[in-house]
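Per the working numbering: the sequence shown ends with 177, consecutive numbering throughout.
In case anyone wonders, no lab produced these hints; they're calculated from the structure. Glycine included, every Cβ here is placed at the ideal spot set by N, Cα and C. Among the clues, some could well be false.
Cβ-Cβ distance ranges computed for the label pairs, FRET-style [claimed, not checked]:
#, residue 1, residue 2, range
1, P101, D146, 19 to 25 Å
2, D52, E173, 29 to 35 Å
3, P76, G153, 37 to 43 Å
4, R100, A80, 29 to 35 Å
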Amino acid sequence: MDEAFDAAGTALCCAAAIRLGGAVQVLTARSGLLDHYSPIMAGLENITAFLDGRERDDNILGTAFAESWSLDARYPAELAGHAFVKGWSSLVFGTVVLTRPKQQSITSAQTMEFASKAAASWPTAVRIASFDSLLRFEAACQQEADARMREGGLPALWKLAEERSKQYRQTTELFIG
Numbered sequence: 001m002d003e004a005f006d007a008a009g010t011a012l013c014c015a016a017a018i019r020l021g022g023a024v025q026v027l028t029a030r031s032g033l034l035d036h037y038s039p040i041m042a043g044l045e046n047i048t049a050f051l052d053g054r055e056r057d058d059n060i061l062g063t064a065f066a067e068s069w070s071l072d073a074r075y076p077a078e079l080a081g082h083a084f085v086k087g088w089s090s091l092v093f094g095t096v097v098l099t100r101p102k103q104q105s106i107t108s109a110q111t112m113e114f115a116s117k118a119a120a121s122w123p124t125a126v127r128i129a130s131f132d133s134l135l136r137f138e139a140a141c142q143q144e145a146d147a148r149m150r151e152g153g154l155p156a157l158w159k160l161a162e163e164r165s166k167q168y169r170q171t172t173e174l175f176i177g
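Sequences and hints are given; from them, build the entire structure.
Right, dumping it as structure tokens:
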């Protein structure tokens with residue numbers, strides 16, 4: 001890996017994309033766009049494998065990059081959750097770019113802002129865990145992810161991302177009924 005590569009920052013961004021992806025899975029299934037969501041998640045899985053020391057698959061990442069670039073345009077603007085999907089797409093886009101340190105013009109901190117913007121755009125108040133908004137929940141998730149990665153490394157981070165993804169998914173299922 002290139003010495004300019006920020007593995008920790010990229011891992012936290014990837015974990016955020018997986019986490020928020022739980023909600024996007026439900027939203028894209030409802031809008032008939034699940035077939036566009038799946039290649040994006042395959043790209044995120046490739047990033048987790050890359051960060052775990054395996055080869056990066058440029059074809060999978062290229063497809064994820066392209067799908068994330070245009071998913072917000074495909075997601076119907078009249079459906080609730082459009083801004084959330086747009087923010088998530090930007091988060092994924094930035095995360096893919098972070099895997100290419102020589103070509104990047106974005107930092108992991110800037111990329112992580114997309115997760116917060118997506119959560120802030122959630123169209124209704126929510127009750128998730130002990131939080132009354134998705135933005136507060138996401139802020140806590142980001143802190144928890146950083147701590148978990150420091151304590152348990154990448155395996156602990158990926159496990160936590162999957163757990164929180166389920167909470168995002170459940171919240172979205174309640175939202176859309």
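Verification of the hints:
Checking the proposed 19 to 25 Å range against P101 and D146 shows it holds: the Cβ atoms sit about 21 Å from each other. For the hinted restraint 29 to 35 Å between D52 and E173, the CB-CB distance of approximately 30 Å keeps it satisfied. For P76 and G153, the Cβ-Cβ distance of about 40 Å falls inside the hinted range of 37 to 43 Å, so the restraint holds. The beta-carbon spacing between R100 and A80, approximately 34 Å, falls within the hinted interval of 29 to 35 Å.
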